[in-house]
Amino acid sequence: MTSHTRYMHRTSPKNIRLCASVILVLTFAAVIADRTGTLTTVRMTLHNLLSPGRLMILAISSVERGSPESRRGGQSHVGAMSDDVTDLQNALLENELQRRQLVIENARLRNELRKSREQSAVGAFALVPLVNFLAVKANILSHSGLSGNVRELIVDAGKTSRLKPSDLLVDGSGILLDQGQQQGIDAGQRVVNGMAVVGRITETSQWVALVQPVSHEEFSAAIQLVKNSLQGAAFGAEGLLVGIGNGRCRVSGIPYTESVSVGDDVFSADINGISGPRLYYGKVVRAEFSAGGEWDVHVEPAVDHRKLDQVAVVQPTVNRGRSRISSERTPSGDRR
Amino acid sequence: MKTIAAWMLILWFALIFQVARPDFFGSGSLAVPLSVGCVFWLRNGTGVLLAGAALLIQWILNTTFAPIDVVVTLLLACVAISRDRSRDLVSPSPLTGFRHTGLIQPTVVLCAGLLLHSLLIVDFQTENLWPVLISSLCIAVPVLVLTLFIARTADQFGLRRRRVW
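Going line by line, the protein sequences match chains A and B.
In this text, residue positions in the first sequence follow the numbering used here: the first is 1, and each later residue adds one.
In this text, residue positions in the second sequence follow the numbering used here: the first is 1, and each later residue adds one.
Calculated directly from the structure, the hints in this document are not laboratory data.
A quick note: this is a predicted structure, and the numbers were derived from the prediction, not measured.
Don't take every hint at face value.
Here are the computed lysine to any residue pairs in the SDA-like style, where the Cα-Cα straight-line distance is at most 20 Å [claimed, not checked]:
1. Lys14/A / Val72/B
2. Lys283/A / Asp296/A
3. Lys14/A / Leu137/B
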């Protein structure tokens with residue numbers, strides 16, 4: 001078959017229709033995956049693959065918005081300070097009013113709970129969850145990766161335990177923790193301070209682990225906005241939080257039709273793909289509508305890792321009570 | 001092979017630009033015209049696969065109600081390249097006798113694809129449709145026209161293999 005004949009076969013309508021059918025099947029599979037919720041992993045993988053190019057373009061374009069004014073007259077500076085004081089006082093008053101409303105609401109709910117328990121004649125069967133989330137505490141050894149001194153200490157200690165340097169050392173920049181694989185820490189686990197997310201584990205060794213802060217350009221996580229109003233808190237749109245450096249984050253994937261405002265709280269949508277306690281990322285500090293039909297949302301992280309000495313690593317584990325119940329219920333001859 | 005690799009890179013960078021600068025490049029304003037251009041440049045199954053993959057990845061990155069725009073764009077483009085026997089931009093089509101057929105068909109496919117894409121982005125709210133559509137067309141139409149004229153220039157210099165009936 002000549003080269004031209006092969007080319008004619010490739011450009012035949014039959015070949016074109018076959019390829020179009022393949023794309024239609026893939027499209028259908030993507031829709032099914034989206035409906036079942038399995039497309040999130042693919043989406044995050046694609047975002048991670050696009051990140052290097054995206055970072056390169058951002059570095060070339062060097063977008064700098066909202067630079068602080070550095071030149072002001074004396075009078076305008078004093079005037080701005082008094083405006084700030086007034087804003088703070090108003091915010092304090094609003095918070096106090098909201099706190100009182102919450103106290104009243106709390107008391108009302110306690111009353112309702114007490115009454116429903118008294119009236120209920122049927123005992124409730126307590127649900128035993130399958131997955132628990134443990135928080136393993138860890139001290140921060142360094143905020144800029146594995147330094148030379150710590151590296152030497154670890155390698156020397158590893159020699160006495162007959163461990164190779166490759167099992168003990170981690171490469172890269174980030175927050176260095178003093179817990180590692182021995183404590184069950186794995187890459188991808190979230191690192192928190194209280195309920196606020198500090199970052200995620202990127203690399204572990206036997207004794208130490210490296211954390212990527214939330215504002216790092218390669219960090220990404222599924223999030224959900226929570227809107228605060230006088231009627232209470234309500235869940236808002238879901239999106240993808242990505243770090244943009246300079247201690248800030250950005251949320252993408254929120255369409256124009258959703259409601260977003262400055263001051264909304266940003267919580268995790270899940271923890272490593274598992275529904276669990278909602279972890280806090282920060283507050284929306286900027287929300288603008290971009291021409292592409294999406295919101296351009298900027299988030300101020302809740303935690304500055306440079307001020308921390310201790311954090312906790314969130315580990316999902318199977319509830320031992322559930323596995324014990326399962327083993328008790330199997331026939332004696334079929335124990336696992 | 002070189003042409004296919006070049007189109008893969010072009011479509012990949014189009015997606016990167018859209019993700020990196022959503023304030024400047026609206027959703028679909030780069031990926032849709034370049035996908036249409038890829039189909040009409042290669043005019044074979046590989047072009048359809050590359051364009052379909054790029055549009056599908058764009059949908060996955062920013063999922064809407066359903067990828068109707070992907071399906072319609074690809075179907076219209078496949079019908080156009082399957083039936084069209086003339087690849088010159090200025091020679092009359094044997095079916096209609098209309099000049100500039102090679103420019104009209106891709107433009108129609110682009111407009112249909114972008115219209116559907118914009119409708120899905122704004123969730124079928126027509127009052128919000130026109131700003132989104134116009135901003136996308138301002139970038140998409142020049143990109144497509146440029147692609148088609150580069151294809152014409154490649155034809156003139158004999159750099160593109162042509163299907164001889």
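Do the hints match the structure? See the list:
{"no.": "1", "hint": "Lys14/A / Val72/B", "in the structure": "holds, 19 Å"}
{"no.": "2", "hint": "Lys283/A / Asp296/A", "in the structure": "holds, 14 Å"}
{"no.": "3", "hint": "Lys14/A / Leu137/B", "in the structure": "violated, 32 Å"}
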